[in-house]
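Asks: Residue strings, one per chain:
There are 2 protein chains.
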Amino acid sequence: MGNKQSYAIIGTGAMGGLYGGLLARSGFEVHFLANSDAQHIAEKGLQVESPLGDFHLQDVNVHSDVSQMPSCDVTVVALKSTQNHLLSTILPVTTRDGGIVLVLQNGLDVEADSARVVGEDRVLGGCCFLCSNKVGPGHIRHLDYGRIVFGEYLADPYGKPAPGLSDRAQRIEAELMDAGIDAEATDDLLLTRWKKLMWNIPFNGLSVALDASTDEIMKQQDSLALSEAIIREVHTAAVGLGVPVPESWIQKQIDATKKMVPYDASMRLDYRFGRPMELDAIFTNPIAAAATAGIKMPLVGMMLQQLQFLNARNLQD
Amino acid sequence: MGNKQSYAIIGTGAMGGLYGGLLARSGFEVHFLANSDAQHIAEKGLQVESPLGDFHLQDVNVHSDVSQMPSCDVTVVALKSTQNHLLSTILPVTTRDGGIVLVLQNGLDVEADSARVVGEDRVLGGCCFLCSNKVGPGHIRHLDYGRIVFGEYLADPYGKPAPGLSDRAQRIEAELMDAGIDAEATDDLLLTRWKKLMWNIPFNGLSVALDASTDEIMKQQDSLALSEAIIREVHTAAVGLGVPVPESWIQKQIDATKKMVPYDASMRLDYRFGRPMELDAIFTNPIAAAATAGIKMPLVGMMLQQLQFLNARNLQD
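Those protein sequence lines, which keep their order, are chains A and B.
Sequential numbering of the first sequence, starting at 7, is according to my numbering.
Sequential numbering of the second sequence, starting at 7, is according to my numbering.
Since the hints were derived computationally from the structure, they do not count as laboratory data.
All values derive from a computational prediction rather than experimental measurement.
Wrong hints could be hidden among the right ones.
To be verified - Label pairs and their computed distance ranges (CB to CB):
hint, chain 1, residue 1, chain 2, residue 2, range
1, A, LEU321, B, ASP221, 16 to 22 Å
2, B, GLU35, A, LEU321, 52 to 58 Å
3, A, PRO98, B, LEU275, 51 to 57 Å
4, A, GLU126, B, ALA297, 46 to 52 Å
Idealized CB from N, CA, C, for every residue including glycine.
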């Protein structure tokens with residue numbers, strides 16, 4: 007595989023801080039773009055608590071001004087998708103000629119904004135199965151899980167064969183694994199995304215609509231039954247679109263969430279801290295995709311309407 | 007019509023206090039059963055603010071102990087339906103031989119609990135189209151509207167002809183109107199109840215799920231659209247059960263709510279004050295009735311599941 011690739015991490019939060027930190031600790035050249043935390047990290051470094059081992063990085067290549075960043079082999083988009091309007095400024099600077107962009111954002115078709123900037127053929131997307139929170143400036147607390155599954159992005163994927171396992175995805179996989187990250191290159195990103203939606207849609211949605219953590223949702227019978235009904239509706243949409251999510255994935259989401267440490271889904275944190283919620287990525291895009299195949303999602307649609315109301319009020323206050 | 011009938015008002019809250027107060031002011035013999043407010047009302051009387059004219063009643067026949075109440079011609083059940091377990095103690099005392107029970111409670115089939123005590127043939131039911139709150143002990147603030155529509159109760163009404171307009175309903179209608187109350191005896195209580203559900207289900211439910219007043223719900227586009235979708239689902243259930251609610255009633259609910267003064271639906275107040283919500287009457291019973299005709303109510307079902315979760319947490323705290 008030759009020399010190690012360099013990485014630009016766009017967004018130094020719960021996810022970018024953790025994965026970028028692990029890469030940097032392992033000797034990769036990593037450049038972080040941070041916003042409010044940049045000054046703190048430049049002075050005090052990056053602090054990571056993790057079941058993989060706690061660590062502190064003192065000398066971090068952290069930038070608050072994207073124009074000062076070097077171009078890298080791989081740009082990892084670790085921003086919230088609600089910030090994607092920034093990508094047209096960021097990606098041309100951080101991504102070298104021929105370099106690639108790995109979009110690690112929640113939801114569906116979140117790669118479209120990056121593809122518009124650098125071209126569809128230079129974009130990979132991925133999902134993180136991760137419980138991690140930023141608990142202070144430059145301070146990441148990784149709680150549980152941590153797997154990244156990623157692969158080649160197709161802008162209009164339904165009814166087409168999966169793009170297959172690319173060399174460049176496998177190279178990134180090897181490097182992430184070198185850094186101690188549970189990484190898996192996949193030949194079918196779309197399948198991965200819909201599987202992840204079967205968690206993100208019910209549990210992000212209900213965590214805000216019910217103002218509840220995952221364990222509260224799982225232990226009350228009505229919210230448990232509603233979670234399962236929503237998961238089932240998302241599964242039906244995926245299958246109807248030709249995405250082969252196995253039926254057993256429904257129960258797996260329930261079982262995994264029951265076993266999970268009590269956790270605030272990211273959307274709940276966004277709502278609590280008055281930040282916009284990732285409603286387009288997690289709700290609107292899947293509903294729109296399902297609609298192209300004539301599939302209705304009444305429960306998810308109702309949840310989106312409730313969240314749109316709460317989001318509008320939250321941002322207004 | 008002969009002598010005026012005597013009335014026992016069971017529950018001296020926003021609704022019982024108003025209508026009982028109006029009857030008493032107009033010279034009817036009215037006995038009130040009150041709980042926490044009984045002492046206050048016995049000493050300070052009943053204070054009513056209303057667009058019909060503010061008034062104060064000093065000498066009120068108020069009781070905190072049902073065993074001290076006389077039996078009356080008409081017992082008006084103005085309790086929350088969540089208190090219906092009390093009726094087996096109350097109704098035999100307050101209702102004279104041959105007297106009747108008028109159940110003015112929200113929801114569907116709320117008369118069943120009274121019918122079990124006094125017999126189906128002695129029960130009338132009614133809906134109040136009323137914006138009124140109890141703002142302090144013995145202090146009622148009537149804000150808007152005020153119509154009561156009531157009629158004969160049938161325990162198993164679907165597919166049967168409406169029971170028709172009875173003499174006793176017309177007598178009560180005349181007496182309520184004498185007291186300045188906008189009362190209407192109907193030959194089809196079931197139709198009235200389903201029409202009212204088309205308001206109560208969406209706006210009570212959303213007021214709690216979104217923690218919002220009616221005007222907030224109406225002015226945001228997503229919550230407005232969701233309200234309309236829920237109203238439509240209730241309408242579809244009614245029509246499927248053979249209850250002839252006109253299509254135009256859907257838009258009427260939207261228009262009336264837009265014009266309504268900003269208002270906290272009663273379920274929102276119950277939730278806020280830590281009281282049980284009337285979920286069986288307003289949600290479970292209509293869903294069960296629809297199911298007997300094979301009609302699904304996915305949005306109302308999801309709303310109920312959310313409210314069951316919120317109710318359980320609220321009563322636990």
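Asks: Cβ-Cβ distance between PRO98 of chain A and LEU275 of chain B: within 51 to 57 Å?
Replies: holds (56 Å)
Asks: Could you check the hint for me, namely that LEU321 of chain A and ASP221 of chain B are 16 to 22 Å apart, CB to CB?
Replies: At roughly 19 Å between Cβ atoms, ASP221 of chain B and LEU321 of chain A fall inside 16 to 22 Å, so the hint holds.
Asks: Within 46 to 52 Å or not, the Cβ separation of GLU126 of chain A and ALA297 of chain B?
Replies: Holds - the Cβ-Cβ distance for GLU126 of chain A and ALA297 of chain B, about 48 Å, lies within 46 to 52 Å.
Asks: Is it true that the C-beta distance of GLU35 of chain B to LEU321 of chain A lies inside 52 to 58 Å, as the hint says?
Replies: holds (57 Å)
In the structure shown, no violation is registered for any of the earlier numbered hints.
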